[in-house]
Amino acid sequence: MSDIWGGMTQAFWLLITLDADLVEITLRSLRVTLTALLAASLIAFPLAALISVRRFRLRRVTIAVLNALMGLPPVVVGLAVYVLLSRSGPFGVLGLLFTPTAMIIAQVIIIVPLIASIAHQSLRELWSDYHDLLISLNTTKWQRIQALLWDGRRALLTAALAGFGRAIGEVGAIMVVGGNIDHATRVLTTAIALETGKGDFALALGLGFVLIALALIVNLLIHWLSHTESEGRW
Amino acid sequence: MTMLPLIAKGATVRRRGKVLVGPVDLKLGPNGTTMVIGPNGAGKTTLLKMLHGIVRMQKGTLDWACPLEDAQQRQGFVFQTPVMLRRNVRDNIAYPLRLTKVPRAQARARAEDWAALVGLGDAVMRPAHLLSGGERQKLALARALIREPEVLFLDEPCASLDGRATREIEEILQAAAAGRTRIIMSTHNMGQAQRLGTEVIFVLNGRIHEFNPAEDFFALPDTEQARAFLRGDIVE
Ligand SMILES: Nc1ncnc2c1ncn2[C@@H]1O[C@H](COP(=O)(O)OP(=O)(O)OP(=O)(O)O)[C@@H](O)[C@H]1O
Ligand SMILES: [Mg+2]
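Quick note, the sequences are listed as chains B and X, same order.
Residue numbers for the first sequence follow this note's numbering, beginning at 113 and rising by one.
Residue numbers for the second sequence follow this note's numbering, beginning at 5 and rising by one.
Derived by calculation from the structure, the hints in this document are not laboratory data.
Even for Gly, the Cβ is constructed at its ideal location relative to N, Cα and C.
Hints may be right or wrong, so weigh each one.
Unchecked claim - Using C-beta positions, here's what the derived DEER-type ranges look like: (1) X:His192 x B:Arg172: 39 to 47 Å; (2) X:Asp117 x B:Ile175: 39 to 47 Å; (3) B:Val177 x X:Cys70: 38 to 46 Å.
To be verified - To give an idea of the chain B side of the interface with chain X (calculated C-beta under 7 Å), a few residues: (4) Asp133; (5) Val135; (6) Ser240; (7) Asp244; (8) Ser248; (9) Leu249; (10) Asn250; (11) Leu261.
As the list claims (entries may be wrong) - Computed cross-link-like contacts, SDA-like style, restricted to lysine to any residue with a CA-CA straight-line distance of at most 20 Å: (12) X:Lys31 x B:Lys253; (13) X:Lys105 x B:Leu261; (14) B:Lys253 x X:Leu72; (15) B:Lys253 x X:Val87; (16) B:Lys253 x X:Thr104; (17) B:Lys253 x X:Thr50; (18) X:Lys105 x B:Asn250; (19) B:Lys253 x X:Gly57; (20) B:Lys253 x X:Leu103; (21) X:Lys13 x X:Arg60; (22) B:Lys253 x X:Val59; (23) X:Lys105 x B:Met120; (24) B:Lys253 x X:Leu101; (25) X:Lys105 x B:Asp241; (26) B:Lys253 x X:Lys105; (27) B:Lys253 x X:Gly45; (28) X:Lys13 x X:Gly57; (29) B:Lys253 x X:Glu73; (30) B:Lys253 x X:Arg78; (31) B:Lys253 x X:Gln77; (32) X:Lys22 x X:Gln62; (33) X:Lys105 x B:Thr251; (34) B:Lys253 x X:Gln76; (35) X:Lys105 x B:Gln258; (36) X:Lys105 x B:Thr252; (37) X:Lys105 x B:Trp254; (38) B:Lys253 x X:Asp74; (39) X:Lys105 x B:Asp263; (40) B:Lys253 x B:Asp241.
Could you build all of it, start to finish, from the sequences and the hints given here?
Written out as structure tokens, the structure reads:
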């Protein structure tokens with residue numbers, strides 16, 4: 113018990129003095145996750161809009177695949193990325209394994225299905241609203257997609273935040289492809305796992321507080337956004 | 005090149021094995037204003053949408069006097085329940101212009117003119133979903149007219165307007181009709197049909213039951229059903 117208490121006080125101390133390791137790890141976490149989020153959004157938003165406006169035969173299949181991918185254990189995604197990026201793998205020459213880029217790739221794969229699926233739910237509804245008008249105005253597919261993405265932007269933000277929450281707290285895949293290397297690929301979650309294993313509760317707890325704070329902020333934002341959305345409809 | 009006449013031959017819309025409209029044989033000439041009337045559920049909305057080309061026909065043909073792609077660009081539709089884009093009133097009205105690459109500032113300026121014309125001048129910056137039912141119909145009308153379509157379909161455009169707004173809208177429609185816009189609209193308001201219409205399509209059970217000049221129709225319809233409808237009786 114005294115261990116934990118001591119850890120807590122030390123953790124607060126680390127936070128207040130802006131401990132160099134803590135700051136470095138937090139910033140790396142943010143950099144990796146925000147980059148992954150940006151890339152994932154660029155893929156997921158247009159995809160969600162496309163499957164909303166198109167009646168192509170594959171829509172059901174696409175949605176089913178997205179839903180299945182959402183349920184993939186992240187550590188398995190990590191394993192797959194590891195195999196692809198490892199020296200003997202097809203992308204081995206790029207030398208990406210155990211770099212932040214590898215972690216970003218893994219996170220993108222994990223959150224694209226989540227973001228696309230949440231975004232699709234709202235855009236689908238928007239499309240059923242807009243359908244008659246946009247068809248009547250003789251819009252091109254691309255113009256329809258643009259209208260949905262623009263007018264549905266708040267719902268898209270909510271979807272992105274959900275993706276952020278999932279990515280920032282993810283540990284399995286990141287550990288496998290990043291390797292948790294000090295000053296290179298160590299991020300909040302992997303550091304917590306390591307420090308806890310070593311019994312260094314102070315740093316682990318400090319990192320934990322940061323992680324919880326980030327997750328809380330994001331959840332509050334989601335809540336606030338979806339609240340304003342249901343109130344004013346946008 | 006002129007769009008009209010529009011010629012429909014055996015045009016039929018079927019959903020779930022049930023014929024909603026048709027077979028329709030119809031020729032809409034270049035002049036006049038056509039009123040589509042008939043009881044609830046008769047198929048007026050479906051007929052208008054079919055002519056506009058946004059519901060798929062299971063049978064028959066629909067031919068404009070010009071290539072279909074042209075025709076699609078040169079016609080507009082005002083829906084019975086107007087669709088509000090999640091934008092403000094001005095950007096809603098400007099939207100059709102933005103689709104044809106009119107610069108934003110110019111599109112907005114013209115949208116503001118149209119907003120003023122339909123009586124929404126004070127509401128241009130309001131989010132469209134906050135408008136009342138009648139205001140939404142005015143917005144939809146302005147949005148349809150801003151492209152100056154040669155053919156304009158309107159599905160009960162005055163359904164939730166009060167007397168004064170109805171008159172204002174009718175004036176706008178008359179001005180458009182006096183210009184180069186060919187109007188085909190449905191209505192439940194027989195006074196309006198008489199004021200605006202030069203010809204009447206009476207729809208019953210998905211078919212065109214009567215298609216006559218407005219004067220003749222309102223003086224004495226050909227069929228017993230149309231007479232009953234005009235008297236306000238139940239149409240069998
Ligand atoms: N997609 C659809 N699937 C099945 N039935 C439909 C569909 N759309 C319309 N209908 C039916 O077709 C009939 C004609 O509908 P329509 O909306 O054209 O009538 P209307 O003459 O416009 O009526 P109102 O005066 O009430 O507007 C109705 O019985 C309606 O329930
Ligand atoms: Mg109708």
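Quick rundown of the hints versus the structure:
The supplied range of 39 to 47 Å is met by His192 of chain X and Arg172 of chain B, whose beta-carbon atoms lie about 40 Å from each other. Between Asp117 of chain X and Ile175 of chain B the C-beta distance comes to about 44 Å, which sits within the given range of 39 to 47 Å. For the pair Val177 of chain B and Cys70 of chain X, the supplied restraint of 38 to 46 Å holds, since their beta-carbon distance comes to about 44 Å. Annotation: interface hint on Asp133 of chain B violated; nearest CB of chain X at approximately 46 Å, more than 7 Å.
Interface hint status for Val135 of chain B: violated, as the beta-carbon distance to the closest one in chain X is roughly 41 Å, over 7 Å. This hint is violated: Ser240 of chain B has a C-beta 10 Å from the nearest C-beta of chain X, more than the 7 Å allowed. Checking Asp244 of chain B against chain X by beta carbon gives a least distance of about 6 Å; that is within 7 Å, so the hint holds. This hint holds: Ser248 of chain B has a C-beta 4 Å from the nearest C-beta of chain X, less than the 7 Å allowed.
Interface hint at Leu249 of chain B: satisfied, since its Cβ lies 6 Å from the closest Cβ of chain X, which is below the 7 Å cut-off. Taken as an interface hint, Asn250 of chain B checks out: its beta carbon lies about 5 Å from the nearest beta carbon of chain X, inside 7 Å. Violation of the interface hint for Leu261 of chain B is found here, the shortest Cβ-Cβ separation to chain X being roughly 12 Å, above the 7 Å cut-off. Under the criterion of a C-alpha separation no larger than 20 Å, the hint pairing Lys31 of chain X with Lys253 of chain B is inconsistent with the structure, at around 32 Å.
At roughly 18 Å between alpha-carbon atoms, Lys105 of chain X and Leu261 of chain B fall within 20 Å of each other, so this suggested pair holds. Note on Lys253 of chain B and Leu72 of chain X: the hinted pairing holds, with a Cα-Cα distance of about 18 Å set against a maximum of 20 Å. For the hint pairing Lys253 of chain B with Val87 of chain X, the CA-to-CA distance comes to about 19 Å; that is within 20 Å, so the pair holds. Restraint check: the Cα-Cα separation between Lys253 of chain B and Thr104 of chain X comes to about 14 Å, which is no more than 20 Å; the hinted pair holds.
Of the pairs offered as hints, the one joining Lys253 of chain B and Thr50 of chain X is violated, with about 24 Å between alpha carbons and a cut-off of 20 Å exceeded. For the proposed pair Lys105 of chain X and Asn250 of chain B, the alpha carbon gap of about 14 Å is at most 20 Å, so the pair holds. Simply put, Lys253 of chain B and Gly57 of chain X have alpha-carbon atoms about 17 Å apart, close enough for the 20 Å limit, and the pair holds. The hinted pair formed by Lys253 of chain B and Leu103 of chain X meets the criterion: a straight-line CA distance of about 12 Å does not exceed 20 Å.
Restraint check: the Cα-Cα separation between Lys13 of chain X and Arg60 of chain X comes to about 14 Å, which is no more than 20 Å; the hinted pair holds. The hinted pair formed by Lys253 of chain B and Val59 of chain X meets the criterion: a straight-line CA distance of about 18 Å does not exceed 20 Å. For the hint pairing Lys105 of chain X with Met120 of chain B, the CA-to-CA distance comes to about 61 Å; that exceeds 20 Å, so the pair is violated. Distance check on the hinted pair: Lys253 of chain B and Leu101 of chain X sit about 17 Å apart at the alpha-carbon level, within 20 Å; holds.
Restraint check for Lys105 of chain X and Asp241 of chain B: the C-alpha separation of about 24 Å exceeds 20 Å, so the hint is violated. Proximity of Lys253 of chain B to Lys105 of chain X is assessed by CA-CA distance (about 16 Å); at most 20 Å being required, the pair is judged to hold. Of the pairs offered as hints, the one joining Lys253 of chain B and Gly45 of chain X is violated, with about 32 Å between alpha carbons and a cut-off of 20 Å exceeded. Restraint check: the Cα-Cα separation between Lys13 of chain X and Gly57 of chain X comes to about 14 Å, which is no more than 20 Å; the hinted pair holds.
Distance check on the hinted pair: Lys253 of chain B and Glu73 of chain X sit about 15 Å apart at the alpha-carbon level, within 20 Å; holds. Annotation: proposed proximity of Lys253 of chain B to Arg78 of chain X holds, straight-line Cα distance about 19 Å (limit 20 Å). For the proposed pair Lys253 of chain B and Gln77 of chain X, the alpha carbon gap of about 15 Å is at most 20 Å, so the pair holds. Using a Cα cut-off of 20 Å, the hinted pair Lys22 of chain X and Gln62 of chain X holds, with the two alpha carbons roughly 11 Å apart.
Under the criterion of a C-alpha separation no larger than 20 Å, the hint pairing Lys105 of chain X with Thr251 of chain B is consistent with the structure, at around 12 Å. For a cut-off of 20 Å, the pair hint linking Lys253 of chain B to Gln76 of chain X stands: about 15 Å separates their Cα positions. Straight-line distance between C-alpha atoms of Lys105 of chain X and Gln258 of chain B comes to about 14 Å, which keeps the hinted pair within the 20 Å bound. Pair hint Lys105 of chain X plus Thr252 of chain B holds up; C-alpha atoms about 13 Å apart against a cutoff of 20 Å.
A distance of roughly 14 Å separates the Cα atoms of Lys105 of chain X and Trp254 of chain B; the hinted pair therefore holds under the 20 Å criterion. For the proposed pair Lys253 of chain B and Asp74 of chain X, the alpha carbon gap of about 18 Å is at most 20 Å, so the pair holds. Between Lys105 of chain X and Asp263 of chain B, the direct Cα distance comes to roughly 19 Å. Compliance with the 20 Å bound is thereby established for this hinted pair. Of the pairs offered as hints, the one joining Lys253 of chain B and Asp241 of chain B holds, with about 16 Å between alpha carbons and a cut-off of 20 Å not exceeded.
Checked against the numbered hints given earlier, the structure breaks hints 4, 5, 6, 11, 12, 17, 23, 25 and 27 and satisfies all the rest.
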